[in-house]
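Modelling step: build the complete structure from the supplied sequences, incorporating the hints.
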Amino acid sequence: MTMSEGGGGLTSGSPSEKQDIMLQLRLFVEGATKDKLGNLRVSNIALNLLKNLPSARDAVFEYYAGILERIVNNYNPESPDSSTTPEEEEIISEVQETLSGYIESNPSSWAPMVSKWSLDTLGRLTQQYGSKMMPKGKSEKGKVVGVAGSLHERVSCWLGCIASRFLIQISAECLSKQMDDDSEGCISSLLETSVTHAPYFDWVVAHLGSCFPSTIINRILILGLKEYVSLSSGMKYKREPDSLINLQKVPKLNSVVNILSHLGRNHQDVLQESMHNLFLSSISDDSNSTHQTGTVPYLLQLAEESSHMARALLAGLVDVLTPQVLDRLETLHGNWKQVYFTKENSLLETVTHILLSTDSDIPEILLLLLEKGGEGVATPRGEGGRDSDTSKACRMIFNHVLATMFQQVHGSSRHRGEGVPALQSIHANVSVYLDLLLSRNRFLRCSSAQLLALVALHKGRAFSIQVVRYLLYNCSTDTELLVLSDFLPRVEIFHYNIVPDLISQCLRSRDDRIKTFLSNVLRIVTAENSKNSDIRSSFISGLRSEQMLLAERLLQPENALNVLTILRIVGINTKLRISHVHRLCHCFVQLYFSTLIDKEMDSYDRDKILHLSELLMSELCDQRFGLQILLRFLLEASVNSAYSVYLGGGTKGDVNSMVTGKPANPPNPPSSTNIKKADTAKLFRENLKFGSMPVQPLGSSTVFHAGIIGGRGGGGKNAVARRGGVGTTVAGEVETCAETEMELREHVTGVLLRLCRACGDEDEGYKKLALQLVEMVSPDIMYNGIPWPEEEFIKVTMERDLDITRTLESNPILWNLLDLLARHKPALSYCSVLVRGVMSVCISHWQSTAASRLANYPAQISLTQRVITLMGVGQFIPGHLALVAQVIHILDPAQLNCILVDMWNYMRSNVPGPSSYSVCHETGQVYRNFGTYSDFKPYCDRLRMVMLANLEKVADLFKIYFVDSVKKEHLGGTIQPTVLQNHVNGTS
Amino acid sequence: MESLGPLMRKFDFPQSVCEALKIIHIQCEKMSLNPSSALSQELSQITDFVDEFVFGNHQSKAKKLNYLEQLQVIQALIDHFDSDEGEFSLLCSVFMVVFLAKGKDVEYKMDTLSKLISLNLGQGHNTMLNCVALWWSQQPPNSKHCNQLARSLVHEYMILVPDIATLLKCTPQQSPLLAGILLIHFGDLYKVSSENTNPVFKAPPLPLVKLSTTWLMEQKDLCGAQGKSECQNVVSMLGKSPIPALIVWSVLAPLVTQEDNDLDYSRLHLSLLLHITQANVDASFPVGFL
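So the sequences go chain by chain: R and Z.
Residue numbering for the first sequence follows this note's numbering, starting at 1 and increasing by one per position.
Residue numbering for the second sequence follows this note's numbering, starting at 1 and increasing by one per position.
No lab work stands behind these hints, which were simulated from the structure alone.
Hints may contain errors.
Said to hold, decoys possible - Reference listing, derived: stretches of chain Z covered by chain R, where coverage requires no fewer than 3 residues with Cβ under 8 Å from a Cβ of chain R:
#, stretch
1, 66-72
2, 119-130
3, 155-166
To be verified - Calculated from the model, a selection of chain R residues having no Cβ within reach of chain Z, i.e. all distances over 12 Å:
#, residue
4, A198
5, Q847
6, Y857
7, L957
Claimed, not checked - 25 Å max Cα-Cα, derived DSS-like pairs, lysine-lysine:
#, chain 1, residue 1, chain 2, residue 2
8, Z, K10, Z, K64
9, Z, K169, Z, K202
10, Z, K169, Z, K240
11, Z, K64, R, K34
12, R, K343, R, K392
13, Z, K191, Z, K144
14, R, K116, Z, K64
15, Z, K169, Z, K210
16, Z, K240, Z, K202
17, R, K343, R, K226
18, R, K34, Z, K10
19, R, K116, Z, K63
20, R, K953, R, K967
21, R, K34, Z, K63
22, Z, K10, Z, K22
Where is the CB? At the ideal position from N, CA and C, for every residue including glycine.
Encoded structure:
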């Protein structure tokens, strides 16, 4: 037994050695047949025979297969460590060492042989013990084990057994050696074994394939291609006419599909590269015609069978499909249809199925289809238009994909999360398709709109909103906007209320493209309103529901016109909450004034904004408290904000309070306080000039009587400018001229007038304006009534009267408003306190300057004239007394004081209450009947006397008022109030 | 022989094989003694007997013998031919009958023969080798089975385990006819292929070149290198010489192989030149060949 124990070789061939080998053969046969368990001695003999006796090789392999089978039989997957004996482990170790040595030294001969044996043995063992090799807790009685449990778990179980581990290792070793020489043969044998023992053999192929993914995948692909091409002749495989080759019915191809699919899971890159290489090599010029024809159909059918292969085929395909490749495919296409895709549309259906079965690179591929398909469709400008077969095919495929997607989306009800992979991936790469929506190419526009509509239905309303939002933010032409009319109807019926949600989102966002958005919305609502558009959505109702958000955009100058136009079309909601009315009013007034003072704005836009804001404010007057709020804001803005500067007023407020747009801004603190402080400072300086420095602080009354009144002759904007007025915070250094100020005042007054009329009851409107005016100018509640008190009472209200006068003086628009009210009797009655305040100040002034000359106080003269005229127009006093305004120049201060006191007394006796006015039945005008001249003669005597004394200057007036009128009265009749009134107004 | 069936089934394997061979031996002896009997009918019966009791599993006819059992059959055959029972011609008859290329599973029979030859070439059983040579000489020209046998021997001794090729060095001494036959078939295995338009030549494995050189150099009678010999050589037996095919090796093989084996091919060339001198040309080639 020297040979057997030592394991030496028979090289000399001496007779003793020859006898020895025969003896070993006998011992081996005896041992192998009798000793069924592994025996180390017999194993050693077997290994020696393997080396020295070629004819015993099959028997030796059979012997070891038996040992391995017994080891697998004894193996318990749940306790792998306890199933093998040390002797068995040593036997396997020795076998592995020996076989590895042979394979290493002579791979071309030993590798195929050992590989075949190991794979056959593995196949037999996997089939025989497949049911046993289940992960713990997963074994199910009566279930096909090859299918149960994951492949990875089964691989783990099998590799836990020393026997199968040895076999798979030695197989891998053989394959690695064979790959260079006869890879096709070894892969073929692997596949054949796989076919024989499918599906139990899957784990073997999976494990071996993972060791050499590149080679295995390449070879398997080529092997499958050969089989596929050979089948096309119909010699080996009979297929139905007009049908595809059914890969599942061809064992070898089915095996190819299973193996590649499995390898594709972990080695997608390799599979992708192999498939692409095969594809590219098939379309090269030097490829043989059969492969040229068969490769693409083969790859397509593989991809159709397995999503992993579809993923590998499609990944990076866009880079491969260059124009040259596409041209080549165009030429090969006819052959495919002739040989493989004989059934009509079968190629189209296959491609569609592949595209929809995976999410790999689908967006890019669909984009390629769109771009290529779009090349054949001319743009409106005549670009493109080369409609090749490739373009047609791309369009056809894309449309078929769309149709199939449509069926999938609208077909069976899907649970959330379970989706069409292609749609999922498009959703993740949506930006490029959104851009296509704005393409000039109609095919691209329509196709992408349809595709995105399907994605939207699949993904939900948020995506729909995203698409519509994109369109509204980016469309710049009507043509582009028409895409919306294509897209919206497709999704709107499924995603209820998306338009209001979209509008809400956009208006809340801080996107700087809001101008485009509003411009597009305007176009849509205009079309919607015209009832002549394709868009039948709910933009108008949506905008109406988000009116408050829309109104906020009024404060952005660049958006104001669009928003106003939209609001005008949409209309103001009829039932708004007070807070909303308040905010809307605020926004409108703010916009109105900011536009009014903006001289740089395009005049057309400016006029339009002013017009539309007025119209919308008029609409707001129908709301409860609408008019009051509007009047209040307008008055506040005209008087207490920086806008007052532009109206010729001296601002006392901060224009920022309006600009910031904060609702319900309270009126600024009483303006008198600020002015008083400034005036006090000024007076302090004046006193210093006369060297009469007060030794102790003087009270305000002292200051007033030291000549403060009239000291603010410049008033208005000059005062603001001196004080660094807040007006400059709006428009820098404010420069306005008196004419402009007057024009603006007229504008504001006109708006106020029309708003008062817009509320339905005109008188009520004026009344509200009057009351607002009083409330704003004289917010005190004491002594604010209509009746005039005793003259002596002036002392009590002097400070307030000064304040009223100063406010009126500072804000010329108030005079305009008072004039307006005076003309619309009896509205001025409600402003009695304001008139009284001014009159009181005038009386006090002329009383204190009785010894002076009238001409020294032009401002006071003007004020006195103005208040008397106002009282005349408003019919607070008869025309005779109102005449004072025209003849004031003949009076000296003392006379004027006396006459003013007469007027005061008249007013005290004849309260200018609304009830003292009546309506003329003939003309419908409101007027006050003062009665006969004798009724108010006592109050006119001093005037008459003064005029008489200066008859040469005022003869004509004296004649009209004190001669003609009295004469007429004596002749029988009262004075026609209108005649005198017109004269006083200067209209006669 | 049908009557022997029940008796034979009483034996266990591989004893049944030994007994069957004895019966075949007796039958062959009977046939040689009685040449007038119906040879074809008896041969058919013996073939069936061989298929059932030598190469078949008589316990279960559907089941083939496995490789271990095949090895046991080979052992039984060697034992029978080594037992010195009977003369060589009778043993030859037994061999011919056992490996007659007819019957149920000829392929299995040929596989067993291949292993038997392989084993005996290495172990040098003269009787068996000569029986093989005679069996081989009886096969038709270009026999598929003969080619398979030759290919199998080359694969096992020259390719798979080239170290043991030296075991075959003595074959010409043990059976010059078999050595000559093998040289002819080896030459046929590696010849210029004329199947394609472009002739293809695949070089033989180097151990085979060396073995052929050794055989030709050490056994000059193999192809009549020493003039007319009394030794029965393959040229006269088969009417075919291995020389032409081996000359192709010596010329083409160095051109198609990348390894530097020029010395080995030179030696082969020399050995061949020795066989085709004017003096021994008649012995090296069949009459009228040149």
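Hints and how they fare:
no.: 1; hint: 66-72; verdict: holds (count 6)
no.: 2; hint: 119-130; verdict: holds (count 4)
no.: 3; hint: 155-166; verdict: holds (count 10)
no.: 4; hint: A198; verdict: 25 Å, holds
no.: 5; hint: Q847; verdict: 137 Å, holds
no.: 6; hint: Y857; verdict: 130 Å, holds
no.: 7; hint: L957; verdict: 139 Å, holds
no.: 8; hint: Z:K10 x Z:K64; verdict: 19 Å, holds
no.: 9; hint: Z:K169 x Z:K202; verdict: 24 Å, holds
no.: 10; hint: Z:K169 x Z:K240; verdict: 22 Å, holds
no.: 11; hint: Z:K64 x R:K34; verdict: 19 Å, holds
no.: 12; hint: R:K343 x R:K392; verdict: 19 Å, holds
no.: 13; hint: Z:K191 x Z:K144; verdict: 16 Å, holds
no.: 14; hint: R:K116 x Z:K64; verdict: 20 Å, holds
no.: 15; hint: Z:K169 x Z:K210; verdict: 10 Å, holds
no.: 16; hint: Z:K240 x Z:K202; verdict: 22 Å, holds
no.: 17; hint: R:K343 x R:K226; verdict: 22 Å, holds
no.: 18; hint: R:K34 x Z:K10; verdict: 20 Å, holds
no.: 19; hint: R:K116 x Z:K63; verdict: 22 Å, holds
no.: 20; hint: R:K953 x R:K967; verdict: 21 Å, holds
no.: 21; hint: R:K34 x Z:K63; verdict: 20 Å, holds
no.: 22; hint: Z:K10 x Z:K22; verdict: 15 Å, holds
In summary, the structure agrees with every hint in the numbered list given earlier.
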